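*Asks:* Below are the chains, spelled out letter by letter.
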Amino acid sequence: MFDDHSLSPRVGEQEVVVERQFSVPRTLMFQVFTQPEHLKRWWAPPPYTIPVCTIDLRPGGIWHYCMHSPEGQDQWARAVYREIVPPEKLVYTTTFADEYANPIEGMPEHLTTMLFTEEAGKTSVTARVQFASAAALKVALDLGMLQGMSITWEYLVEYVQELQAK
Amino acid sequence: MKTLWAALTEPNRLHIVELLRDGPLTVGEITERLGLQQPQVSKHLKVLSETAIVEVQPQANRRIYKLRREPFQELESWLQSFRRLWEERFDRLDDYLLELQATEQPTRNRSEDTNV
Chain G
1 MFDDHSLSPR VGEQEVVVER QFSVPRTLMF QVFTQPEHLK RWWAPPPYTI
51 PVCTIDLRPG GIWHYCMHSP EGQDQWARAV YREIVPPEKL VYTTTFADEY
101 ANPIEGMPEH LTTMLFTEEA GKTSVTARVQ FASAAALKVA LDLGMLQGMS
151 ITWEYLVEYV QELQAK
Chain A
167 MKTLWAALTE PNRLHIVELL RDGPLTVGEI TERLGLQQPQ VSKHLKVLSE
217 TAIVEVQPQA NRRIYKLRRE PFQELESWLQ SFRRLWEERF DRLDDYLLEL
267 QATEQPTRNR SEDTNV
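Heads up: the protein sequence lines correspond to chains G and A, in order. Just so you know, the working numbering puts 91 at position 91 of the first sequence, and the rest follows in order with no gaps. In the working numbering, each residue carries its 1-based index in the second sequence increased by 166.
These are computed hints drawn from the structure, not numbers from a lab. None of the values given here were measured: they were computed from a predicted structure. Quick reminder that beta carbons are idealized off the backbone N, C-alpha and C, glycines included. Mixed in with the good hints, there may be bad ones.
What the hints assert, rightly or not - Residues on chain G that point at chain A, a partial pick, calculated with CB under 10 Å:
#, residue
1, 17
2, 29
3, 41
4, 45
5, 72
6, 76
Okay, chain A solo, but in the shape it has when bound:
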């Protein structure tokens, strides 16, 4: 998982992934849309292939790059973990608020008593 974060924290690589979200592209198409030099794009694509974020499909004499599904399922499960973290935090908050109200109750009664 660590390599996924590392691969995506580079802005150009993130940009490539964003481009590929809309569908598979060739190196040439990616180069054109990013406005970078082809060797640079190839270097980034190599990193993305090594980290299994993209895969290559040879088609006739062209190489088509597309996103692989698995790393994003992993990312999604990390997001789910984060959600669970907050759900658990809300559980603790609920317990704490009950505790707070339980201790506040006698105080409130006392102040009512003094008003009488």
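With the rest of the complex left out, here is chain G:
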């Protein structure tokens, strides 16, 4: 019903696909996406840091990390691996968690599929992120600590209550 086709409000099923080519072999790229010592160096948007990051790289295994704000706030996230095909593919679901890697109840998850393809020593990385709902998109954005917006526990609690109130 929208004249402008680009709007296409597929609210029930949103996805974002971002692709980039890097001048490194695929095996190194896979390590950079699956090893804590690498992820700690580039995953979080500055000024956030990742003081804690653990990875259990197997289907059903958990990637658990903490994003630390300059104000001293810790925000934990966890991803559960669904599929691991080194060095080609990673599929995982992500949501907010506590410091013990328990997911925050009521928080929607989003699904990420990472594809790594190599050609002439260069690796193309495709991130496909799927949101089951608008709420899942919002959680994903919050997880990314969008543009210096700091997420407090109070806000999270309020948000979860809002979700559960329906």
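Given the structure of chain G, go ahead and fit chain A onto it with the hints provided.
*Replies:* This is chain A only, laid out in the frame that chain G set:
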């Protein structure tokens, strides 16, 4: 924006929005397609009107519900923010990989030296 998320996380309301994507409908038509009771549908439509997701157009003696464009433009801009988040993440990854290769270079040269 928060109210938009709240309004759409209710499955029936999301379903109504999905139905209205194909064009405006009356309460009766929505009720029929959802297989719910009319009071329930009216309640959901009230929430969707209050959050400005749908608007009502009286037509003769009927009330036609249709989606408003603005909330979805907002949703689209949130999606764009998410895309930007990943673009920036790729920028950081690029910087990090350059850094990695810069530190790896001497190591590789050393190992070549020992082979000689």
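*Asks:* Run every hint past the structure and note whether it holds.
*Replies:* Hints, one by one, checked against the model:
For residue 17/G, the suggested interface contact is upheld, since its CB lies about 9 Å from the closest CB of chain A, less than 10 Å. With 10 Å as the threshold, the beta carbon of residue 29/G comes within range of chain A, its nearest partner Cβ sitting at about 8 Å, so the hint holds. Hint on residue 41/G holds. Least Cβ distance to chain A is approximately 5 Å, under the 10 Å limit. Residue-level restraint check for residue 45/G holds (minimum Cβ-Cβ distance to chain A is 6 Å; threshold 10 Å).
For residue 72/G, the interface hint is violated, since its Cβ never comes within 10 Å of a Cβ in chain A; the closest pair sits about 22 Å apart. For residue 76/G, the interface hint is violated, since its Cβ never comes within 10 Å of a Cβ in chain A; the closest pair sits about 18 Å apart.
Hints 5 and 6 from the list above are not met by this structure, while the remaining hints are.
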